[in-house]
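Please model the complete structure; the sequences and the hints are all you need to start from.
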Amino acid sequence: MWRGAAGRTAPPLRPPQNRNLFVTELVAGVSHGSVYALIALGYSMVYGILKLLNFAHGDVYMVGSFIGFGIITVFGGPLNLHVSVWLMLFLMFFCAMLGGGLLGVMIERFAYRRLRNAPRIAPLITALGVSFFLENAAQLVLGAQYQSYNAFSWTNSAIALKHFGLPAHAVISYAQVIVVVGAVVLMVFLTLFVQRTQLGKAMRATSFDREAAAMMGIDVDRVIVATFFIGSALAGAAGVFNGIAYQQVWPYMGFQAGLYAFIAAVVGGIGNLPGAVLGGLVIGLAQAFSIGYLSSTFSDAIVFAILIAVMIARPSGLLGRAAVQKV
Amino acid sequence: MTEPTDPSTPRVGVDEWVASHEGRRAHRAGVAGRVERELARVPRPAFYLAFGAVAALLPAFTSNGYTIRVGFDTLLYMLLALGLNITVGYAGLLDLGYIAFYGFGAYGYAMLASPKFGVHWDTLAVIPVVVVATAILGLLVALPSRRLLGDYLAIVTLFFGQLFVTVYQNGEAMSVLGFTKKYDVTGGPNGIPNIDNFNAFGFHVGSLQAYYYVALAVFLAVLAAVYLVDRSRTGRAWRSLREDPLAAELMGIPVNRLKLVAFACGAAIAGLAGTMFAALNTAVFAADFDVPTLIIVYAMLILGGAGSIGGVILGAVVVNVSLEVLRTPGHATWVFFVLLAATLVARMRPWRWVAVVLGGTIAFGFAVHAIVSAVWPRGVHGQAAVGGILGSGLRHWVVLPSNPMTIGNVAFVCLVLAVLGVTLLHGRLQKLALVPTLYLAIFVWENRLAVEPSVTRLILVGVILIVLMNARPQGLLGTSRVEIV
Amino acid sequence: MVRRVGVVALAASVVVLAIVSAAGARTTAQAAANASCTKGVSIGMQAPITGPAGSIGSDQLHWAQFYFTQWNKTHKLKIHLVQEDTQLDPSKASTTAQALASNGAVMGVIGPAGSDEVQAVAPIFKKAGLAFTSGSATRVSLTNGAWKGYFFRDVPNDGVQGPTDAAYMQDKLGVKSGSKVMVVDDQESYSTGLADIVQQSLTAKGVSVDRESVSQKATDFSSLIAKVDSSTKVVFLPFQVASEAQLFAQQLQAQGKTAVAFGSDGTFDSSKFTQNGSYISFFAPDVTTISADASIVAAFHKQFPGATSPFGAPNYVLAQAYAGAVTAACKDGKISRAEVRNDLGKTKLSSTILGGGLKFTANGDVAGAKFHIFKIENGKYVTIA
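Protein chains in written order, with our numbering: chain E, 1366 to 1692; chain W, 1474 to 1958; chain X, 1317 to 1701.
Because the hints were derived from the structure by calculation, they are not lab data.
It is possible that some hints are incorrect.
[Said to hold, decoys possible] In silico SDA-like links for lysine to any residue, alpha-carbon gap of 25 Å or less: (1) X:Lys1496 - E:Val1506; (2) X:Lys1618 - E:Val1506; (3) X:Lys1392 - W:Pro1718; (4) X:Lys1618 - X:Val1398; (5) X:Lys1355 - W:Arg1868; (6) X:Lys1618 - W:Cys1887; (7) E:Lys1416 - W:Pro1718; (8) X:Lys1389 - W:Cys1887.
Being a predicted model, the structure only gives us computed values, none of them experimental.
In C-alpha cells:
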C-alpha cells in the first residue's frame, strides 16, 4: 500500500476496471457508429451522384423504424409475440428496407427530379420541406408518443437479454452484436454491388461525371432511382437496427440521426462510401469515449471540437480526394 | 415553351442571360407585360420605402397585440435573412451555423444588461459592443473558409453552431478543464432571465409597439446599408466570387478577404437582431438558437430568392405570416381551399375545365354522402371542424364519421398516394382522377387535418415549400441561374 | 409569364389574407370585459404539440380535448378549446400568449407546459387579466407570489419531490453518509432543477453525488454506466422521457450493476418504464390502477387510440377545474376573465382521476401535495410509500 503525502492511502490502480471501461466504450462507440454509418452511406451515395444534401434521409430512417414497429405489432406486440423471433427479424428487415427504398424513390420522383439542374440550394429547401412533411405526417398518423420495440422482453428471445462477457469483464449485449454484424454485412453487400455489378459501375460513372455518363449511353434516370432506392433501404435497415438495440421510435427521431449521419458523411469525405463508414465510426467512438473519459455534459461539444480540428487538418474529409477544379 | 420538358437533359453552355431571355420574350405581351415594364423602371429603393411606410402604419390599423408581435417577429426574421443573404446570396458561402451568431448577440446583450452578472450598461453602449463582438466571432469562424470549400465549409460552420448550442445549454456548471470551481456562465437550460429593456436617448422602450418601431427603424437602416454595399465595389466583388471563385481570384479580387468580410457582416447583422430578440423577450435560452430556427431563416431566404433584397422581405413575410395564419383552424381552412383553387387555376387550361372539375366534385360529393348515409348512418354523424356557413354547408356534403381517427389516418395516406398519382396522369384521365382526389382531400381536411391545426400547419408549410421550390427553383424574386457545365 | 404572375399573386394573397385577418382580429380583452355565456366559452391551451417535446404536449392537449368533448356532450354550456403550439420554446410561447390574450373570447388558459415558458408568458397574461394553469411546470420559484391569483398548477413542485426522493433514498435504499449516488439529468430545465435539489439534499447529509448529464435524445448509456461502481447505491434519473429512463435502467441491469434506478414523475409510465427493481416517485397513485378511472381511460383510448403519458392526466384535471370555474362564473349569464380567475382560485374538487381532491393554495400550488414512491415488480407499479 502506498502512503501518500497526506497520510491517506491512494487507491491501487485497478487495471480490470480501466479495461472494462475502455472495452465498453469501444463497443458502444462501434455499435452506435454503425447505425450512423448506414445512414451516412445513403447520404454519400445520393450526394455523389446528384450533389444534393438530402435532409429528408433521416426521416426515411424514422419511417423504417416505424415499419419495424408495425411488424412487431402485427405479430401480437412486443410482449405477446407468437412467431419465431428470427422470422420476425427477417420480416422486419425486409419490409423496412423495401418500404424505405420505395419511400426514397417516391421522394426523388416527386420532389427532386425537376430540380436536377437547379442551383444546389433549391433542392436543399425542398428536402427540408419533405422532412417537415414526413415528420409531421408521422405525428398525425402514428401519434407523437415514443413507442418502444421492447426488444428485451420478446418472448422466446435471447437476443437482447443475454450477454456474453469478455476477458475484461465488460458485457456486451447480443443486440449490439447484431447491429454491428448486420451493418458490416450490408456494407459488404453494398461494396460488392458497387464494384462488381453493371449497375454499380454505372453508379460510379454517374457520380464521377453525370453528363459524360449520359453520353456514354447510361440511363441516368435509372441509375438515380437505383441510388435512392439502395440508400433509402440502408436507412430503413438502420432504423430497425436502432429499434432492436435502443428500443425507442418516435416521429422526430430522424432529425438528430440525420444530422449526425450528415456530419459523418462529410467528415469522411462526401461522395466517398468507405469514407462515410469511417466517418460514422469516428463520430460514434468520439461520442462514447468523451462521455466515458471526459465529460458527459459536454461530450457533444467535445465531439464537435474534435471534428472541426479534423476538418481543418484534412479539408476534403478523411478519405476524400481534393476536388480538381476545372478551369 | 419557356423551359425544356425533360429536366434530366443537361443544359450545356447556357448562362444567366440566356436562361432569362426566354422568359423575357414572353413578358412583352399584354397588359401584364406593360405593367411589369413600368414597374421595372421604378428604382428599387422606392419599393423598400413603400414597404417601410406600410409596415410603419401597421400599429395604426390594429391594436391587437398578437398582430404587432407577429410583425416584430417577421421584422427580426427579415433582418436575419438579410444578414444570411450577404453570406449565402452575395458571397455564395453556405453557412449552416449562422444562427449561432444570433444567439451570441442575444446572450451578449443578456450578459451585459441583466442582473446575471450585475452589469447594467446603457443600451447605446451595449449594442455596438455586442455587434462588434459578434462580427469578430464571425471572422474567427470564417478563418477555416480559406482552406475549405463548399460543403466542407458548410459542415464546419454547422459544427460551430452545434458547439455554441451545447456549450450555452450546459453553461451553468463550467469549470476550466475540471481544475477550477464551477462557474455559472450562461444559466444553462434556465437561460438568463430579467434582461433590461432598451434605454436610449432618454426613451425607455417598454411596450410592444415601441419595440416594433425600433425593429422597423433598425431594419430599414440595415437595408439601406446592405443595398448601398450591394451596389458598391464590394458587392460586385462578392457576386463574382459567388459565380466563379477561381476566375475572381485570377482577376485579382482578394477572395479570402472577401469571404471573411462577408461572414463578419452577416454575423454582425445577426448579432444586432439578437439584441432586439433578447430585449423584447426579456429572457434567452440556448434552445432558441438551434437548427430549427436556422431552417426557417434559410427557407425564407431561398423561397424569396437568395441574392435579392426584395426576395428576402417577401420570403420572410410569406413564411412567417403563413406559419402564424395557419395556427387558427378557421383561417387555415380558408387558406387550404384557396390553395386548392389556385392550384387548379394555375395548372388547368383552358379554365372552363376548372369549372367542370369543381362541378364534378360537388356532384360526386353529394352522391357519396347519400350512399354513405344510407348504408352506414354513423358515418355522417360527426362534427365539422369548421364553424360558420362553410361548416354547415359542408355537413351535408362531406362524409363525417363519428369516430374519424383511424379512417382519417388511412384516408390521409391514400390522399398522399392519390395526389402523387394524379401528377403522373395527363389529359382527360387526369381530370377524371382529380374529382375523387379533391373530394378525398376535403374529407381528410375536415376529419383529420383541421382537427389538429398545430400539426397540420407544419405539414402544409412543408408541402408549400416543396411545391414552390419545384415551381420556381430560383425563389419568388430571384433570378434564374444555370450552372455552367 | 402567367406562371410568374401566378406565383407572385399567390404570395400576395397570403399577405392580403394576413392583413385582413389582422384587421378583423378582435382587439384586446378590455372590449370583451363582460361577454355573454349563451354562445359558449373559449378556453385557451398552450402546449408543445409538435417538436422535440411533442410526445408530452400532444398528450396534454388530447386529455384536455377529451374532457371538453365529454363535457360538451352532457352540458348546455359549451366550452371550446383554442389550441396554440409553443414547441417548448419560450419566445413562441410569448407570441402565442399574445394571440390568446388578444382573443377576446378566451377566458382562461391551460398551459404552458415548461417552467421557462411560464416565466415568459406570465407578464402577458397578467396584463390581459387571464388565469393560466400548468400541469407540468414544477419550478419552485413560479409560485413565490409574483403571479398570485393568476397562475395555478395542479402538480406539486420540485420543492416537494426533491426532498421526498432524497429522504426515501436515505431511509430505505441504504444511502448513508459516505455512500455514492449518481444523478443524471437530461439537460432540460425540469430535470436540472430537480437534480440540483436532490443533489443538495444528499450532499448536505454527507452522501457523495456524481452528477452527470445526457441529452434527451441519447439512447446508449453504456459509457456512463461503466462509471457506476459497486459502491453506488442509486442512480437518480429525473428524466422527462420515460423510455429513456427505461433504456438506462435496462442497460444498468444488463451490465450487471447492483445500483438501482430511481426515476422522477416524468418517467411514470407503466407502458414504457418497466424495468423490475426500479423505483419511481409520483404525485398521485397510478391512474390505470384506480378502478373508478378505468371507464374514463377506456373512453379516452377510444377517442385517441395509442399510447399516453403521465403528463396528460393533470391537464384533464385542469380542464375539469376550468369547467367548474366557468360554470360558476356563468351563473349570472355573463362571464369575464376576472370572474374566471376568482372562481378558479376557489376550486374545490373532492375527487379527480389523479386519486385525490384538488384545492389551490393562496399562491397557486396544490394544497396537500404529497409524493408517492412506487417500485416496479413484475412489470407493474406497486405503491410502497
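Going through the hints against the structure:
1. Distance check on the hinted pair: Lys1496 (chain X) and Val1506 (chain E) sit about 45 Å apart at the alpha-carbon level, beyond 25 Å; violated.
2. Pair hint Lys1618 (chain X) plus Val1506 (chain E) holds up; C-alpha atoms about 15 Å apart against a cutoff of 25 Å.
3. Among the hinted pairs, Lys1392 (chain X) with Pro1718 (chain W) is inconsistent with the structure: their alpha-carbon atoms are about 71 Å apart, more than 25 Å.
4. Between the alpha carbons of Lys1618 (chain X) and Val1398 (chain X) the distance comes to roughly 22 Å, so the proposed pair stays at or under 25 Å and holds.
5. Between Lys1355 (chain X) and Arg1868 (chain W), the direct Cα distance comes to roughly 20 Å. Compliance with the 25 Å bound is thereby established for this hinted pair.
6. Between Lys1618 (chain X) and Cys1887 (chain W) the CA atoms are separated by roughly 23 Å; this keeps the pair inside 25 Å, and the hint holds.
7. At roughly 18 Å between alpha-carbon atoms, Lys1416 (chain E) and Pro1718 (chain W) fall within 25 Å of each other, so this suggested pair holds.
8. A hinted pair counts as satisfied when its Cα atoms are at most 25 Å apart, and Lys1389 (chain X) with Cys1887 (chain W) does not qualify at roughly 32 Å.
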